[in-house]
Structures are given as structure tokens and as C-alpha cells.
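S.K.: In case you want the letters, here they are:
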Amino acid sequence: MRAFEYGNPSSVKQAISLLGSNWSEAAVFAGGTDLLSLMKDSIVTPGRLVNIKEIRELHGIREEKTGMVIGAATPLEDLYDHFSPRKILPALLTAIEGVSSYQMRSMGTAGGDLLQRPRCWYFRNGFGLLARNSKGQPLVPNGDNRYHAIFGNQGPAYFVSPSSLAPALVAFDASVRIEGPKGMREIKVAELFRIPRDAEEREHTIAPKEILTEIVIPASAHNTRSATYEVRERKFMDWPLATASVALRMEGRQVRQASVVLGQVAPTPWRAEAAEKALAGKTLDEATATSAGEAAVEGAHPLSKNGYKVQLVRVAVKRALLAAIA
Amino acid sequence: MADRDERDHTTESESAQDGKKRNGKPSKGFSRRQFIKGTGLAVSASVLASEGLLKAAAQEKTPGVSGPGPVPVRLRINGKEHVLRLEPRVTLLDALRNRLDMTGAKKVCDRASCGACTVVIDGRPVYSCTVLAIDAQGRSIGTIEGLAPEDKLHPVSQSFVDNDAQQCGFCTAGFVMAVKAHIDKHPHPTAESVRQSLNGNLCRCGTYVGIREAVLEAATKMSRKGGRV
Amino acid sequence: MADIKWPPAADRHLIGKRISRIDGPLKSSGRAKYAYDQNPPNMLYAKLVTSPYAHAKVTAIDTSAAESMPGVHGVYIFTPVGKEVNWEGQEVVAIAAETEELAEDAASRVKVEYEELPYLVADTDPQHAGEGRFRSLSEEKTGDPDQAFQQADATHEGMYSIPVITHCCMESHGSVAQWENGKLNVWLSTQNVSGVSGEYATPLNIPPANVNVQCQVMGGGFGSKFAADSWGVAAAVLSQKTSRPVKLMLERDTELLAAGCRPSMHAKVRVGAKRDGTLLAWDSESWGTGGMQGAGVPRLPYVIEIPNRRTHHTTVFTNIGPARAWRAPNHPQMCFLTMPALDDLAAKLNMDPLDFFIQNIALTGERADVYKEELLKAAEMMGWKQKWHPRGDKTPGPIKRGVGLSIHTWGGAGHASNCRCTIHPDGSVQVALGSQDLGTGTRTVIGIVAAETLGLPLEGVQVEIGDNKYPPDGASGGSTTVGGVSSSTRVASTNALNELFAKVAPSLGTTPDKLEAVGGQIRVIGDPSKSMPWKQACAKLGATPIVAMGERNSTLISSGVGGAQMAEVSVDIETGVVRMEKMVAVQDCGLVIDLKTAESQVYGACIMGTCYALHEEKIMDQQTGTCLNANMEFYKLSGLDDIGEIAVHMMTDPAIENRGVIGLGEPPVVSPGAAISNAVANAIGVRVPELPMTPNRVLEALGKGGKV
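Those protein sequence lines, which keep their order, are chains A, B and C.
Residue numbers for the first sequence follow my numbering, so the first one is 1 and each next one is one higher.
Residue numbers for the second sequence follow my numbering, so the first one is 1001 and each next one is one higher.
Residue numbers for the third sequence follow my numbering, so the first one is 2001 and each next one is one higher.
Chain A with its partners taken away, still in its complex shape (with noise of 0.2 Å):
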């Protein structure tokens, strides 16, 4: 790892101040799982760590008259703690639970988990965000692509979306509060998200001078029947290799509306629209979790390797659809 400064800000605005309008100047730093390992395979090399752990308005869970809301900095741990007893939002509670490593989710922050770089092998090989060879050729698609995107694959970004939350956070309709030198703006978790153009931009349309500093999850979120599904091919600590997140705002047992999210299969969490539309106003029981978890792959355009992962978000959309209602 090559040598850094270190910034141990107590306020947001100190911690604004200390980074730098690139990446490669300076980087927020929490947990660190990812940014460590990131930095010890020169994948990213910034120059200066921004540690924000010490700021306290970023920690813990406190409720608005708009909803829940997160401090970035809290360890999904405490996240867990806090959901698990209480059974609330149970979309959430099950992807924090998928980060099955006590260390992991001991480390780990709310905002990490978000803002945590692509787990692409050819990425962290050092390939570069849309892994290409010397010649700008993108080496996914003829290459092991067997975890890759089926999703918003079609150039130039092949990587898929490694954030266990995002997709029950973007089912639930939550937003981010993001502090730049400019003050604070709150966007939707999806807008945090995007599929990069070209090899300037990142997968997340936060800035460099900017911090996430905290996750809203709207009050109405109480109000959904939600779930998610993983599909994991170990219990030990392991990417999904499909996630479906979804919530669903009921009349009985029929469906009024329904966000069903897709995770693991795209570069961004995937909004499976046919799906949601397949279920608005029908009662929801197997058939209905069959046909939606069909529509839900409407679009899909599977690479060489990675066509299994149609199957598995049929089958993470029909699950979760159950399991939400259960």
C-alpha cells in the first residue's frame, strides 16, 4: 500500500475541506474494507485518507418526520441490531444479514456498503472499471463473465453492482443526503447509481469534495409487505449472485403497487419495471410470483457465461414475492 496522509476530521464541513477535487487526491475512508483492499492492489491510489468514523452526527439510527434515517458511518452491525429485534423492514434486515461475516458487518458502514467499489475480476486485476486490454478492447465479454451483468450490459460497463443494501433501499423509494462544498443535496439511492459512460466516470454520481453523510428511508416504507431474496452459492461471506429486493404496498392480498429491485445482475441496482407492472392490482400468490419473476427478465441480455443468472432473478423475483406476503 503506498504511503498516505491521514485526516481525522470531527465535523462534515473539517472533512469537506480535507479532500480533493479528484479522486486520486484524497478518499473517504470507514470502514475501509473494500478502500484498503482497493488501495493495497493499487486499484485506487489516493493520497490522503479522509477518516470520517470520528464525526459523530454520522452515526446511528434516528427517526424524522420524514422517515428513518441513517448516519453513513453506522456499522451494519448496528443496523442489525437495531432491525433484528424489531422485524421491521424486512427486505433490509435480510440483505444486511447477507453480509454473513460478523467482521464484515462489524466493520462495514451503511454508506460503505453503498458507495463500495465493483468486485469485477478484471477490475481488480487492474483491467480498469470497464476492463479492457492495452488496446481499449473490452475483455468481459469474451472472457469469464460468469458473475457479470446481464442487465445494462451493452457497453461499455459489464461489472455488476456489488451493494447489498442498495436494492431494498432503492425498493423502499430511499434517498441519500450528500455534503459538498456547497452544502447538502438529497437524491434517490437509484440516482446515486449510474453505468459509466466511458473510463472517466465512476459508478456513483457522487463527487470527489462530496460525502454521503446519511440514508433517509420514507416513513411509507413501514407500510409495504417487503422482502428480499439472495441467492448465494456458500452461507460463508459471499457476493449474491442475484439479489431481488422488493416492496410491496398491499390491499388484502392484492397488490396496489410494487417495487421489485434487482441486485448482483447490472451495473447499477436494476429496476425490474415489466415486473412491477406484471403485479400492480393482481393478487399475489405463486402464479402471479411465477409470471413476475418471468417479466422480470425481460431484457435480459446474458454474455457467454452468465446466462444461469436469467434463471436465478426468475427465481429471486418469485421468492422474494413470497416471502414478502409469508
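Calculated from the structure, these hints are not laboratory results.
All C-beta atoms, glycine included, are put in the ideal place defined by N, C-alpha and C.
Among the clues, some could well be false.
Stated by the list, open to error - Simulated coverage check for chain A against chain B, where a stretch passes if three residues somewhere in it have a Cβ under 8 Å from a Cβ of chain B: (1) 5-12; (2) 43-56; (3) 104-115; (4) 213-227.
To be verified - Straight-line alpha carbon distances no greater than 20 Å define the calculated SDA-like cross-link-like pairs of lysine to any residue that follow: (5) C:K2033 / B:R1099; (6) A:K53 / B:R1124; (7) A:K235 / C:R2579; (8) A:K209 / A:R185; (9) A:K305 / C:E2180; (10) C:K2033 / B:D1101; (11) A:K40 / C:E2100; (12) A:K305 / C:A2227; (13) A:K277 / A:G299; (14) A:K53 / B:R1139; (15) A:K135 / C:P2118; (16) A:K235 / C:K2033; (17) A:K235 / B:A1191; (18) A:K87 / B:Q1196; (19) C:K2596 / B:R1212; (20) C:K2033 / B:L1100; (21) C:K2033 / B:L1153; (22) A:K53 / B:R1074.
As the list claims (entries may be wrong) - Which stretches of chain B does chain C cover? Using the computed rule of at least three CB atoms under 8 Å from a CB of chain C, they are: (23) 1069-1083; (24) 1099-1110; (25) 1172-1182.
Keeping the supplied structure of chain A fixed, place chains B and C upon it in accordance with the hints.
M.R.: Same frame as chain A, but now just chains B and C:
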């Protein structure tokens, strides 16, 4: 929003390759892992950058910022204060092993993937390979060396012995610390909860059968004593 | 006078019991010091510069920028200009510096230029490997396979594949070397304490006798740590150059890239049998890769010697890291190419594979009765007859369950071994061997044998191993350690005891041949009233301890074991996720010295086998020549909660025990891949032809792979 790191690396590697004798053969590509790690062809731009930074830092200090050179780091480990001079980049694991000769925590994956380096900070198990020592200041750090006096064994360690929950033993200290943290937090753990608490630790010899038995036994022993030993 | 033989069952106080390993407390308290943990004063840290290419010629090396850094003290060149590197991660330069961080900085400033050369990293068949990339290694014919296939009522043809995997030792390869006054001390993570000193002699220009090798504990080897290795020599040379101790341990990625792999094996198999299941014919066209030096030749079919057979094997040369012995070299591959093919044929004949295997059990040769007994025992433990069903679990719902079986063999015997047993006048006892404990329990086994022989409690014997200053011992490979060390220890301890008997006999009014050592006493056989406590007996030695030697003794050991394993799995046919729910392992290995650590070997083997059955593979990218998963995030191993119930039964009836001691490390790791694969086929009704059986492969076998 330029991703300078990635762009720099691309440029660097490409120019490196251009400068190479191709011998008429088509370039089939290569791993850039070693290049970007700098363990390869070219002096990485970011090495130079961080060296520039070193010099700059020596000249004018940004307030509230330390490093990149060595700075005093105060660590409270197993109840005892240690003051070291460390660069901010030094991990807690390297500080323990290389500076303090506390070698119970092991370096295996060095990427927060295997659990062999597990120590407990403020009651929580963490991967010390991915904690900066400077960041562990002001916290209570527990390592396996602090579990029991030299001539005694902690009940968790004893259960590992009795149930042959170890073969080569290189992962064992990490498991013991993860179990200890779990039992401390949950004085009446269930078999299921303990098993789940070990999803962040790997063993290559395959000692899981013994570990499961050891943990159940330790939990029973310790819950009789109210969970804390 | 005590004879050189194992005590009869009734007289064993320690041998065959469940005894906790004697170094357990050191390990579970974190106090055990591995090579990686050695921090002699003033030590330097060395880091490697390795090849980013799968194949290239080094055309220039410039270490000047690194060497000019303050705190950098030494440079070592592995691959000089003009030489080739043959895999990604191959060592080129090592740099030693004051701190680990500085060594890394310095390594990053070494400039190496390469000329890229053509490479192959894909695990491909010989037809697609390209010119000069393969060699036919063996072509054999026994009986008349063509005619036998014509006589067969049923034939099955299938393709079976088992990939390249790595050892992934928790403690990476490496050492701490300390040059002092013309002598070298090395703390090496090794399976071969007594055998590596010669590797240092030429490069350091010293006699092997001036090299002290120590390894009290080591963090896993599995066949990959027999040598000092180039990086071990580099650490020593750097220490010699700098007059400072040098630590050089491989980084995890280099460990997975360069420190050993298990070769792949693929085969097109045709097998034929009569309607009643009697196997008649085998034909296999197989290939595999283990890097540039090729890989071993499989003997197919495995264990079951089908009378008429034709086999052809080709090795493919690839620019992946080199093969090294991986626990039971070749056997897991041979087993996986054989047992699933036989299981598929049994399914075609609508036979329960248990009946099918027993029908053919005579083809296993002289130990057929033992195999049969092991299969029946395993069936009882698994509840096979209740659980087995014809292919494809027909119960409703997506979770299908199934059972599968496999059998395996291994040699064992015992390597050369020398033990020195010292009985001191104060009654203390030491046994010393230049052996090592890989985590298998070797240290404990030695202590048990010595203590049993001398009639002492286990604590009464001090075991000294892990140092080449002790009498030379063999490398721990091929399950040969326990045979070697247990017999040499038995002999040395017996010899020492006989000397003690000679000293004591007059005081007890008898002759040495009438004495025995039991329960901390020396006593007259048949007259326990005439006895003397151990300490008192040893006091008769005056000032001179007894020092007795013992060598491996072939009458105490044997070779050739068998085992049967059964697996039960659940498979989610909608997601392709496989869970190992239960495994049973029945194993013979002659006389078991420590039942507890022996069972641990089998438990561990079932778990290691589950890893390679379900998750583990080295994934190479032909576009770039790179390994995509040289880390522990995507080089996937099973976690604790991924492992189901495991039941182990060690065969310990007198006929087995009378064979003497036989090694155990390898055999139980052979069958899990085949047994789990067969269980999956039983559950879902189709064969997943390739390991590991990850969801993508399971869904593909089910025909759900690429459907949109």
C-alpha cells in the same frame, strides 16, 4: 469527474507495452496486477505522486492531517498502552506482528476475506489486516495474547483443544477471537447463532466439525458463568 | 526383553485412544510460533517482484532506483536478463528493506522489461492446445475391450472434468533466514525439515551441515512445501549479503499463482457391463494440465480393475503455476473420472449403485472383502437403503435430495525415519526426530508411541521434532509419516527400555527379559509385586543417560488402504445451489495410534473434498494470461456453515490392526468429489459433468443455463 487513478494506470501500462520489443508477435495482453502494484515494469506514477506528497508534507502541514511519514500512534492493547511511530498506512495487523511481536493474529488473505487476523475492538471482531493502526487509537483492542495469562487457557481455547478444533492451527486464533466476541455479546448463544457468527472465518485443513463442537461446549461453560470469563 | 512389535489391544493404554494433540494449547492460545511469526532482532523484510506475464523473456532489469532508497539493503535476481518466465507470478527479483512497507515501495521501483512470448493458460483439450503444447504420456490396453463392449448389455459414454485447484495453505510459503558466523538458521514453513539443507549449500557456498532448519509448527502444506524453493534460497542469500535476518513470505496472490496447483483431468469415458451389472469394458481418452512440466499419468479405471480396458492420456503444457503434489496426487482426479462413470452406468441399468459396486467388488483385488465391509458400514451409517432412490428425487418442491458413494485407495507405508530416545537419570524422557507436524498430529503420535512403550503417561515424554539437528527423518508426503515415525519411535523407545531393564533387573532379582514397563513402573512379568517406580529405576543410571536409536521398522507398518464414502446433498433445482448435508466416511489405515487426530484427518478430508466438489477452482483468463481469482474472495472455500453433518468410522477390527500402522492423510480426500457428484446426480436426475458443481453448472446440466 475524471478517475485519475485508473486513467493514469492505463496510460502507464500502454506506454510500457509500446516500449517493449514485440518481436513481431501479436500482443496478447497481460495482467496489469503487477504493473499497478508496481511490482513490474514501470515506476508507477502514483509512487512518484506519493513521494511528491511526502516532500510536500514535510514542507507544509495541512492542519488536522498526519503522515504520510511516521507519526506517534497510541494503542491500548489488552489493557496496556503502547506508543509506536507508524506511518498512517500501517495496518493494525502489521503493527501487532511486526512492531509488537504479537503474532497470534495471522496474515493470510490480507484482504478482509478469511478471518485469520481477527482481533476484537471495543467488543467487536474485526479483520485487523484491514484496520489502520492509526485508526484504532482510543479504542480497546483485544488480541488472543490477552485472553489468558501465559500459563492458563481461556475456556474457548480449552474447548478447541478438547474437541480437536485445530490442525495446522494457522486459522485457529482468528476463530477463537470471533467466538469469544460472539459469546461476550450473546451470553446465551445458540448453536445456530454461533455458527452464523463464524461465517467470516476460513479454515483450510477442515476443522469445522471440531470447531462446532468446541463452540457449543465453550458457550455452555461460559453461559454457566454468565457469559463472561 | 521387550520385542519390537505393537502391544496387543488389551495392553494398550494410549495407542488407539482419543487423545488431544499435545501442541493444541499452543495453537489455540495463539502462542505457537510459525515461520511467519519469527521476528529475530534486526530483521529485514523481503518482497518479490514477479512476472505480470504468463510467458515472457526478461530483457532488462534495473534495480538502481530501488537500491538507492534509504533503508533498502539487498537485491536478489531470480530470473536474469535473457531467461524466461513461464507463468504469471513467477519470481523475478527480491528486495530486502528495513520495513515491510519500505520493501514494498522498493519493489515497486524495480524496472523489469519483458519480451512477451506466446502462452496458453486455458485448460483446453490437446486438439486445441496448439503445436508443441501437448504430449501423449501413456496408451495401454488390457484384455480385449472391443470384444467386451460388444458383449456388454449396457454401455455408457460420458465426459467428466475436474479442474486445476491450488493448495491455498493458510500460512503462505516462505521463511525467515538468519546468517550468523558462517552458518545459516532458517525458520521454514516446510514438510521436509530434514531434507532441505542441501538446497542452500551451493548458493551460499557452505556445507549442508552448516544449515539449521527449524519448523515447530507450520500452517498447512498439503504437498506443496517439500522444498526450500527459490524464494527460500533468496531469503538466505539476502541474509548472507546483508548480515541481517530476512523474512520472505509469499503474498497471497503469489501463493495462489506460483506455489503449487493440483493438475486438472478431463476424460471421455465409455464403460460397459452385463445386465446384472458385471463390469466388462472401459475405454478412456483423458487429458489434463499441471503447468509447463506436465502432470502425472492416471491409472484408469480407479480401484475397480475392469478386465478389458483401453486408456490413453495426454498432458497439456500451460503457462499456469507449476503443479505440486496435492494431497493424494492424481487420486481425486482418477476417482472423479471413474466413480461417476460407473454410477452413470448403474443408473442406466436401473441398479442401486451400492448393489452395483458390491456386484463388482472382486475387481478391487485382494482387499475386496474390506471394501465390501466398508461399503456396508457406510450404508448403515448413511441410512442408504432408506435414502437412495432411482435418479431424480420425485418429491414435490424445488429442493431435491440424493445420495452418492465412492471408494478409494492409497499406499501409505512409512518413509525413512530415525528416532533418538533419551532416558535421563531423573526419569525424564525425550524422543527426537527430524520430522515435522503439518497439523496432522505427528507430534502427538510420536509421544503416544514413546509413552506407551515406556509405560509412562503422555506427559512423561518430551517430543522434539521440527529441527534438522535431530536424527534425519523423511519428508511428510504420501501419508508416509506416521508409518515412519511411529515405527522408529517404537524401536528407539524399546531399545532404550531394554537398556534400562538391564540396569534394573539385578535389583529386582530377575533378568531383563522378564521385565515390563507398565503404569509408571518397571515390574516383573507375571509378578506385579516385584516392581520399581520409573523414577527410581532411572536413578540406577547414575550420571549417564540412556541414548538409544531406532529406525523405521517394516514389520510394524504396512501399506495399502481402502475407504468408502457416501454423501447426501440437497440441490435447489431452481437456483442450482448444492448443499452438502451429510457425509459418512469409513476408512481403514491399519493400527490407529491416536483415534482423535485420525478422525480429524478424515473430517478435514471430507471438508477439503467438499470445497473442491462445490466451490474451488483456479480460474485463468486466456485473453490476458492472468489468474482471475488469486485471492481468498473468489478462490472459494467452504465456510463452517456450508458443511453438513459428517460421521467418521475408523476400521479397527483385529485383522486390520494386525497389519500395523499405515498412513491416513491422503486417502479420505480422494472420494468426496465423486461421492458428492453422484449424490447430486441422484438428486436431480442428471450428471453435472464438471467440478466444482457451482449453480451455473448445475443449472446448465438441468437445461436451465442460458434460457431467457
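S.K.: Are the hints correct? Go through all of them and say.
M.R.: Each hint, compared with the structure:
1. Given a C-beta distance limit of less than 8 Å, the hint that chain B covers the stretch 5-12 of chain A holds, as 5 residues qualify and 3 suffice.
2. By the rule of at least three residues with a Cβ nearer than 8 Å to a Cβ of chain B, the coverage given for the stretch 43-56 of chain A holds, with 9 such residues.
3. With 3 residues carrying a beta carbon less than 8 Å from a beta carbon of chain B, the stretch 104-115 of chain A meets the three-residue requirement, and the given coverage holds.
4. Only residues whose C-beta sits within less than 8 Å of a C-beta in chain B count toward coverage, and the stretch 213-227 of chain A has 0 of them, not enough to reach three; the restraint is violated.
5. Straight-line distance between C-alpha atoms of K2033 of chain C and R1099 of chain B comes to about 16 Å, which keeps the hinted pair within the 20 Å bound.
6. Of the pairs offered as hints, the one joining K53 of chain A and R1124 of chain B holds, with about 15 Å between alpha carbons and a cut-off of 20 Å not exceeded.
7. Simply put, K235 of chain A and R2579 of chain C have alpha-carbon atoms about 10 Å apart, close enough for the 20 Å limit, and the pair holds.
8. With a C-alpha separation of about 13 Å, the suggested pair K209 of chain A and R185 of chain A falls inside the 20 Å cut-off, and the hint holds.
9. Distance restraint check for K305 of chain A and E2180 of chain C: the Cα-Cα separation of roughly 56 Å exceeds the 20 Å cut-off, and the hinted pair is therefore not satisfied.
10. The hinted pair formed by K2033 of chain C and D1101 of chain B meets the criterion: a straight-line CA distance of about 11 Å does not exceed 20 Å.
11. A C-alpha spacing of about 13 Å is found between K40 of chain A and E2100 of chain C, which places the hinted pair at or below 20 Å, so the restraint holds.
12. Proposed proximity of K305 of chain A and A2227 of chain C is contradicted: the alpha carbons are some 39 Å apart, above 20 Å.
13. Only pairs whose Cα atoms come within 20 Å are accepted, and K277 of chain A paired with G299 of chain A is accepted, the gap being roughly 15 Å.
14. The hinted pair formed by K53 of chain A and R1139 of chain B meets the criterion: a straight-line CA distance of about 12 Å does not exceed 20 Å.
15. Of the pairs offered as hints, the one joining K135 of chain A and P2118 of chain C holds, with about 18 Å between alpha carbons and a cut-off of 20 Å not exceeded.
16. As the CA atoms of K235 of chain A and K2033 of chain C are separated by approximately 32 Å, the hinted pair breaks the 20 Å bound.
17. For the suggested pair K235 of chain A and A1191 of chain B, the alpha carbons sit about 15 Å apart, so the restraint of at most 20 Å is met.
18. Restraint check for K87 of chain A and Q1196 of chain B: the C-alpha separation of about 18 Å stays at or below 20 Å, so the hint holds.
19. The straight-line distance between the Cα atoms of K2596 of chain C and R1212 of chain B is roughly 15 Å, inside the 20 Å bound, and the hint therefore holds.
20. For the suggested pair K2033 of chain C and L1100 of chain B, the alpha carbons sit about 14 Å apart, so the restraint of at most 20 Å is met.
21. Taken as a hint, the K2033 of chain C and L1153 of chain B pair is honoured in the structure, with Cα atoms around 17 Å apart against an allowance of 20 Å.
22. For the proposed pair K53 of chain A and R1074 of chain B, the alpha carbon gap of about 18 Å is at most 20 Å, so the pair holds.
23. Counting residues of the stretch 1069-1083 of chain B whose C-beta sits closer than 8 Å to any C-beta of chain C gives 0, which falls short of three, so the coverage hint is violated.
24. Taking a C-beta to C-beta cut-off of 8 Å, the stretch 1099-1110 of chain B contributes 9 residues in contact with chain C, enough for the three needed, and the coverage statement holds.
25. For the stretch 1172-1182 of chain B, the assignment as covered by chain C holds, since 3 residues bring a beta-carbon within under 8 Å of that chain's beta-carbons and 3 suffice.
Of the hints listed earlier, those the structure fails to meet are numbers 4, 9, 12, 16, 23, in rising order.
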